[in-house]
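Q: What follows is each chain in one-letter form.
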Amino acid sequence: MTYDIEKIRGQFPILQREINGKSLVYFDNAATTQKPLSVIERVSAYYRNENCNIHRGVHFLSQEATQEFEDAREKVRGFINAGRKEEIIFTKGTTEAINLVAYSFGRNILGQGDEVLITALEHHSNLVPWQVLCREKNAFLRVVPINNKGEVVQEAYKKMLGPRTKMVAIGHISNALGTINPVREMIAAAHEKNIPVLVDGAQAASHIKIDVQELDCDFYCFSGHKAYGPMGSGVLFGKTRLLESMDPYQCGGEMVDRVTFEKTTYNELPFKFEAGTPNVESILGLKTALDFMDSLGMDSIGSHEKALLEYGTEQLARDPDITIYGTADRKTSIISFLFKNIHPYDAGIIFDKTGIALRTGNHCAQPVMDRLGISGTIRVSFGAYNTIQEIDRLVESIGMVKKMLG
Amino acid sequence: MTYDIEKIRGQFPILQREINGKSLVYFDNAATTQKPLSVIERVSAYYRNENCNIHRGVHFLSQEATQEFEDAREKVRGFINAGRKEEIIFTKGTTEAINLVAYSFGRNILGQGDEVLITALEHHSNLVPWQVLCREKNAFLRVVPINNKGEVVQEAYKKMLGPRTKMVAIGHISNALGTINPVREMIAAAHEKNIPVLVDGAQAASHIKIDVQELDCDFYCFSGHKAYGPMGSGVLFGKTRLLESMDPYQCGGEMVDRVTFEKTTYNELPFKFEAGTPNVESILGLKTALDFMDSLGMDSIGSHEKALLEYGTEQLARDPDITIYGTADRKTSIISFLFKNIHPYDAGIIFDKTGIALRTGNHCAQPVMDRLGISGTIRVSFGAYNTIQEIDRLVESIGMVKKMLG
Amino acid sequence: MSIEDRKQKIIAEFSMFDDWMDKYNLLIEMGKSLPVIDPHHKTKSNLISGCQSRVWLQARYENNRVYFTANSDAVITKGIVSLLIRVFNGLPPKEIIEADTAFLDKIGLKEHLSPTRSNGLTSMIKQMKLYALAFKTKHDSDKKED
Amino acid sequence: MSIEDRKQKIIAEFSMFDDWMDKYNLLIEMGKSLPVIDPHHKTKSNLISGCQSRVWLQARYENNRVYFTANSDAVITKGIVSLLIRVFNGLPPKEIIEADTAFLDKIGLKEHLSPTRSNGLTSMIKQMKLYALAFKTKHDSDKKED
Ligand SMILES: Cc1ncc(COP(=O)(O)O)c(C=O)c1O
Ligand SMILES: Cc1ncc(COP(=O)(O)O)c(C=O)c1O
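Protein chains in written order, with this note's numbering: chain A, 1 to 406; chain B, 407 to 812; chain C, 813 to 958; chain D, 959 to 1104.
Some hints here could point you the wrong way.
Said to hold, decoys possible - Each computed EDC-like pair below joins lysine to aspartate or glutamate, with the alpha-carbon atoms no more than 20 angstroms apart:
1. K402(A) to D977(D)
2. K1068(D) to E262(A)
3. K1084(D) to E650(B)
4. K22(A) to D1031(D)
5. K263(A) to E650(B)
6. K402(A) to D1098(D)
7. K7(A) to D294(A)
8. K403(A) to E962(D)
9. K856(C) to E262(A)
10. K941(C) to E262(A)
11. K938(C) to D392(A)
12. K340(A) to D1031(D)
Everything labelled a hint here was simulated from the structure, so no lab data went into it.
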């Protein structure tokens, strides 16, 4: 199967849009991806024909939508190769998934003086929840350092897995630098000491094949909106044994079995963790998004994006006024860079004026920036629909930026 | 302005649907309302032309969507007449909003032996979070009783507002029985003793005009999906002074100001409480939904629904085999009933077969059922697009139910 | 009669009717032939959770075969559980564990197959298979001890 | 010059150009005429939060009028804050507090008016008005004490 980029682009209406008189080049995929027509139409069809509240209704609409919703759960299970459907919890996004684990799991296992281990690459969403938890428990947040290429120092990591380490939380792929962490090895090392591991897969789900059984991670999470799906859809995978042991997170409808004023018993997995009316729309859309990726094939998407990364890196590296941040041996889809003597914010405005949507700033990863001694970067991040020609447009715009600001 | 019901119905594509060979009669509005075309198209247009991650991007799409998102916040402010835009926090629904308040506010103010006051009418979402909180704090959950009509006993309420009462949490309208609580008076009584009050407005937002300043409630919340808006949109209003005093709920991107491994400072209101990528789609759709209701006028919707309630009640009350539950002096849009000698589940299936979508069961309000000595009811709930003719269809189906099961 | 024959027989009975009303009337009628659970077995532990209507299900093991009795306060649910019992009653555990219940789709009762928690069909089937599994496990280990 | 005149003058200057590049070049040029904040005022407390670029803003009160100095590490931001200072500098607090800043829309810099937290324009205006308010409050209470 060839990778028919024009056909793929044809499925994304927004790519036809003109910004400031130029056709849009969307290079902000790490923030959120665009949506294919199939996803947009799935959401629309849902509201036109199927909308209702699920799980407890006996009427036709409710039966039908419940079936679709649970089919979507099965689809997600297959997509990340979880062993059981009940291990798939729907959340509104990665941030909520991590907060859920910090609250319902972290609070149970963490005692005074214990440690949670993260890396210096983490997004705020995989940092602040642990920080708050550690403060509450008088525990310590330990941070595995990165080297100058933006790779987690593995020797340091292994040494830091100590007798007080109760939890490891690591990103699969860094949203600031594109580094792919060797999570499988890191998980194995933690498991040797019986330490559970959460993997923040927000940046992985749309780029590489995920297999939670092969990784053997204890928790894995990602956001639908970063993987061609609707906003408001998120996934938390957890091993059954751990999920069973955990208290609920949010409380309300759906997650209860029997409620009296004296005592409430909770519903079984996965519903125990899905309080309130589920966001059916977004979950059905997420299923369609996963279908979209499967139809292209994760491997094909991966090689396409690799080509973009290589070409883009080559082009930028050749410019003496540009410094690239993040040069890990294994990285994907993200180039973070800075101009000498041009503020990234100024550059971002000029890029925007030339129709190129990219991101400037700290990318919700201030500690990474602190470590690199900068306040932020200009970040270009690729998706399945980006092209070599668009990178050429970027290079053109770089000329413009330098002309105006250099 | 006349209430042009045919024109209104024309805006809801799903109402054209046939179920089991009959045109759909949708009487499950208390579970979730259907969506007008304007909302469906708003969501679709967003994904076709505007989709991106907001607030921190400098590029055009991000600026534009941020503007729309913040305009939606202003719209919500006006819709419930809050004093300040910063007092509007977007959540994924009512359940999350109440969990947020229980966690970020309740945990701070509640000590051992203190009390939280709710009523016997509450939905599980306004019960279980307080129950869990009270258990954690060794505090007591006190429940104001209801009378046989399904009204909160006001004398009991006032007596129960005691020196240990630290929080009152009451539903505006009961989802099981339709009772409208006199929340303004109840809030005034609580405030006399300096007790803050949360109002669960999940069932109110689509039926009556809400004015949080007039009510003087401390917190108010509702779900977009029950008010003609998309799933995944919810609103928490809180008084500035209280919101300022509260710790964040979920942690991650968006809600932070400055993050280091040692210490994190939080963003200002309302962002402090909006961790993670916001569900832009659903919030823009919510704005359109509020525009839809405003275009009809809350008063017009209210009188239309009142006429339906009166006609429906009359029809059902006339049937000697039917008992209506919930006969409060002030009620809206909901009729809960049971047949003598027919199980509600059996009846629900026959109703479904005749194209009528209604709900059977405990409606996530088991304590209400316990109080009434029943295990559940058959619930018919009206929306802006329902008609007298549809109630006649219901009556016809009642005949069928009795014929088959009686 | 083999499990397949039983299913075919039920499918044939239902296929006599086109109309949902007739199908449901048949289902309700079938409920009346349910091997009714003994009142003293109507305990909390025999109650199947996740149904809007209450369903009690009890099983016993005799001559390497499983026999069920049940009851429900809803007549349609009663019909459904009696259908299941007609299919499963008196079979060896292994056959019950491996049985496929897609035939419910074929008789025009598809709505009861949806995973909504209110109808509890899934829970009923699960519970019947669990009983069978428990008997089988016990049987196998008893054998080993011989 | 009245605040209205100042705005009109700026609008006129920008309207000479059609092209965004020329407009931005003008903005960047304007940044160079910014009354630059004294290095020892470049403190954390004078830093405006919520900008991707760093902006320091300082104000003093003289003869019932407010004077600003500022700086930024980004040249476009510098241009914007200098625009604001051109409009507000040397006015009585009341006029600053009441000033409407929609003119930025008219000069083709609409993107800077969006409420994204990255550009910080809103924060800058807010901070300038806060300074004005603080001076006014102090002034009014000083008067009362007279
Ligand atoms: C690595 C990483 N983790 C977590 C998140 C948070 O995801 P969300 O905002 O969808 O909750 C993001 C994206 O913002 C991310 O890139
Ligand atoms: C009175 C009441 N409160 C709270 C809720 C919970 O709302 P949601 O499920 O949208 O969070 C509902 C609806 O389910 C309700 O009717």
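Q: Would you mind confirming whether the straight-line C-alpha gap from K22(A) to D1031(D) stays at or under 20 angstroms?
A: violated (29 angstroms)
Q: Holds or violated: K402(A) and D977(D), Cα atoms, limit 20 angstroms.
A: Distance of about 18 angstroms is within 20 angstroms: holds.
Q: Is the straight-line distance between the alpha-carbon of K856(C) and that of E262(A) 20 angstroms or less?
A: Satisfied, since the Cα-Cα distance of roughly 19 angstroms is no more than 20 angstroms.
Q: When you check the alpha-carbon spacing of K941(C) and E262(A), does it fall within 20 angstroms?
A: violated (34 angstroms)
Q: Measure nothing beyond the straight line between the CA atoms of K1084(D) and E650(B); if it is 20 angstroms or shorter, mark the hint as holding.
A: Holds - the C-alpha atoms of E650(B) and K1084(D) are around 19 angstroms apart, at most 20 angstroms.
Q: Is K403(A) close enough to E962(D), meaning Cα to Cα at most 20 angstroms?
A: violated (34 angstroms)
Q: Holds or violated: K402(A) with D1098(D), Cα cutoff 20 angstroms?
A: Status violated; Cα separation ~50 angstroms.
Q: Would you mind confirming whether the straight-line C-alpha gap from K1068(D) to E262(A) stays at or under 20 angstroms?
A: violated (57 angstroms)
Q: CA of K938(C) to CA of D392(A), is that 20 angstroms or under?
A: The given pair, whose Cα atoms are some 59 angstroms apart, is violated under the 20 angstroms limit.
Q: Decide if the proposed pair is consistent with the structure: K263(A) and E650(B), CA atoms, cutoff 20 angstroms inclusive.
A: Violated, at about 33 angstroms.
Q: Has the given pair, K7(A) with D294(A), been kept, meaning a C-alpha gap of at most 20 angstroms?
A: holds (15 angstroms)
Q: Regarding the pair K340(A) and D1031(D), is the alpha-carbon distance no greater than 20 angstroms?
A: Given pair K340(A), D1031(D) holds - Cα atoms ~13 angstroms apart, limit 20 angstroms.
Of the hints listed earlier, those the structure fails to meet are numbers 2, 4, 5, 6, 8, 10, 11, in rising order.
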